[in-house]
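Numbered per the working numbering, the first sequence spans residues 1 to 484.
It should be emphasised that the hints constitute simulated quantities derived from the structure, not laboratory data.
Some hints here could point you the wrong way.
To be verified - Straight-line Cα separation of at most 27 Å, DSSO-like style, residue types lysine-lysine; simulated pairs:
#1 Lys405 / Lys353
#2 Lys273 / Lys162
#3 Lys405 / Lys420
#4 Lys97 / Lys353
#5 Lys182 / Lys100
#6 Lys273 / Lys137
#7 Lys159 / Lys195
#8 Lys482 / Lys455
#9 Lys405 / Lys455
#10 Lys321 / Lys420
#11 Lys349 / Lys405
#12 Lys482 / Lys420
#13 Lys482 / Lys321
#14 Lys273 / Lys133
#15 Lys159 / Lys222
#16 Lys475 / Lys455
#17 Lys222 / Lys153
#18 Lys321 / Lys405
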Amino acid sequence: MAAKLNEIILHNTLSNRVEPLAPMHPGEVRIYTCGPTVYSFAHIGNFRTFIFQDVLRRFFRLRGFRVLQVMNITDVDDRIIHNAAAAGVPIREYTEKYIKAFLEDIDALHIEMPEELVRATDHIDDMVALIEKLQAKGLTYNSDGSIYFRISKFHDYGKLSKIDVSGMQAGARRVDVDQYEKDDARDFALWKSPKSGEHFWETRIGAGRPGWHIECSAMAMKYLGDTIDIHTGGVDLAFPHHENEIAQSESATGQPFVRMWLHAEHLIINGQKMSKSLGNFYTLRDLFAKGYKPSTIRFLLLSVPYRRQLNFTEDGLIQAKNSVERLRNFVARLQAEQFAAGSNPEMEKRIEKADAEFDAGLADDVNTARALAAIFDLVRDVNAAMDRHEFLQQDAPRAVAAMEKFDSVLAVLVDDDDQKLRGLGIATSKVQLAVSQIEALIEERNAARRSRDFKRSDEIRRQLSDSGILLEDTKDGSVRWKYK
RNA sequence: GGCGCGGUCGCCAAGUGGUAAGGCAAAGGUCUGCAAAACCUUUAACGGCGGUUCGAUUCCGCCCCGCGCCUCCA
1 MAAKLNEIIL HNTLSNRVEP LAPMHPGEVR IYTCGPTVYS FAHIGNFRTF
51 IFQDVLRRFF RLRGFRVLQV MNITDVDDRI IHNAAAAGVP IREYTEKYIK
101 AFLEDIDALH IEMPEELVRA TDHIDDMVAL IEKLQAKGLT YNSDGSIYFR
151 ISKFHDYGKL SKIDVSGMQA GARRVDVDQY EKDDARDFAL WKSPKSGEHF
201 WETRIGAGRP GWHIECSAMA MKYLGDTIDI HTGGVDLAFP HHENEIAQSE
251 SATGQPFVRM WLHAEHLIIN GQKMSKSLGN FYTLRDLFAK GYKPSTIRFL
301 LLSVPYRRQL NFTEDGLIQA KNSVERLRNF VARLQAEQFA AGSNPEMEKR
351 IEKADAEFDA GLADDVNTAR ALAAIFDLVR DVNAAMDRHE FLQQDAPRAV
401 AAMEKFDSVL AVLVDDDDQK LRGLGIATSK VQLAVSQIEA LIEERNAARR
451 SRDFKRSDEI RRQLSDSGIL LEDTKDGSVR WKYK
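Put together the whole structure using the sequences plus the hints.
See below:
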């Protein structure tokens, strides 16, 4: 399916094909995103998915849509309860640290804050109300104080993941990993009775804690309505998590729960799935500590279209870093270099072409590779035009504006990596120099060069280099600097 | 076993029934006190075997290889 002019097409897991975006509320797109479970630091695989949904929402906004996005934070689950108990602290206190880390991480990666970032433990009442609704319809049963959803009562079960649930009972894998008693192995817990010593809530439906799936249904519908435009998450969540969300929500409301399901493919590392046993499990902080920049990681994670598995490698990081450099160098050149007066209509046309191609790429199921190619094409053509002196002074602001527009989606052009890393307490250079110090040293070096004191000028160049500052002597005699 | 995804230059990665984007790397060049950086240019690719077709990397079949999901999972 080819996109018509201005149409945004997206791949919907439910139909397994691309469909045009058609929000329920004109001019506004409502998105629910499965956020992190804060039992530990999020890993880069998580951020692949979060960066995808960030690119998506940024593109919607560039297209003039209002975005209402809800992201949940799952701050109660088995691992959290277990870890908090082991640490001897209340779960709320245990998760605080990881929520804070998550917020810092998304800030470092320029992932925009969703309009609503909501915690599961702040919505117990909403979950209880939803469970009561399901109980009233006779879709649940109690067992050992826990409440289960009876899947046999929902005939569309499996429509998202296309899974054959009838085979699950005799499945090749173990079926019942839970210690709770269930009528049918396929049924899932809406509400779990407390085990001894565990944190629990005293509610109208009894003491206990919510199951994972009910959290998302309750919070999504509370903020976004019974039917949501877009629900995003990692591919692994399609079954059973999203399947269960559909069963609960549609049973409760009788309405379609989600119009478009968007699933981001997984990231693998050196050809293998991330796992702790293989020792290839990276958090963002691991990578920052190894010297990689936030912009490098963001670029790498967004450069591969979201429905393609991304093989995360050291080489990939180097390539991403250099690609970002090329874009930043281009903008720096546009801003610093002096061009002949006037404007070249050809340049204006060329920039408009890039703009259209960038947009078309993203409108085609968020094809970031296509969108990036449009930018790099422009960079090369404009650089060549500048070399040929066909690029004029009035063209520069137009080109800068185009790059800034592209960056409203990419968010990698502004060189604030050093600042972001320092904010996380990670020092990036051996000697930290203030911008004013750097500029003073450059001025001193320029003076030395003018008096042909190359010994002194090379000394300053080395000193700056040791502090992570790279100098670039340009053709017109000016000097640019940047962080390595 | 069931379901699904993918194999395009050295690496990453678009795309198409008829001249195969882009990035990184490499090579050459421009610039420079030197150097670096930057920029330009160039090179080079559709897993295998059949089939359909005037023509297949693109459609169909089989095979080989890699990966994912099948109630922890982004």
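Do the hints match the structure? See the list:
For the proposed pair lysine 405 and lysine 353, the alpha carbon gap of about 14 Å is at most 27 Å, so the pair holds. At roughly 23 Å between alpha-carbon atoms, lysine 273 and lysine 162 fall within 27 Å of each other, so this suggested pair holds. Annotation: proposed proximity of lysine 405 to lysine 420 holds, straight-line Cα distance about 22 Å (limit 27 Å). For the given pair, lysine 97 sits about 47 Å from lysine 353 by alpha-carbon distance, which is inconsistent with the 27 Å threshold.
Simply put, lysine 182 and lysine 100 have alpha-carbon atoms about 37 Å apart, too far for the 27 Å limit, and the pair is violated. At roughly 42 Å between alpha-carbon atoms, lysine 273 and lysine 137 are farther apart than 27 Å, so this suggested pair is violated. Of the pairs offered as hints, the one joining lysine 159 and lysine 195 is violated, with about 34 Å between alpha carbons and a cut-off of 27 Å exceeded. Only pairs whose Cα atoms come within 27 Å are accepted, and lysine 482 paired with lysine 455 is accepted, the gap being roughly 22 Å.
As the CA atoms of lysine 405 and lysine 455 are separated by approximately 44 Å, the hinted pair breaks the 27 Å bound. For the hint linking lysine 321 to lysine 420, the alpha-carbon distance of about 16 Å falls within 27 Å, and the restraint holds. About 16 Å separates the Cα atoms of lysine 349 and lysine 405, which keeps this hinted pair within 27 Å; it holds. With a C-alpha separation of about 15 Å, the suggested pair lysine 482 and lysine 420 falls inside the 27 Å cut-off, and the hint holds.
About 14 Å separates the Cα atoms of lysine 482 and lysine 321, which keeps this hinted pair within 27 Å; it holds. Of the supplied pair hints, the one linking lysine 273 and lysine 133 is violated, its CA atoms being roughly 40 Å apart against a limit of 27 Å. Of the supplied pair hints, the one linking lysine 159 and lysine 222 holds, its CA atoms being roughly 24 Å apart against a limit of 27 Å. With a C-alpha separation of about 21 Å, the suggested pair lysine 475 and lysine 455 falls inside the 27 Å cut-off, and the hint holds.
A threshold of 27 Å between alpha carbons decides the hint, and for lysine 222 with lysine 153 the separation of about 24 Å falls inside it, so the pair holds. A distance of roughly 21 Å separates the Cα atoms of lysine 321 and lysine 405; the hinted pair therefore holds under the 27 Å criterion.
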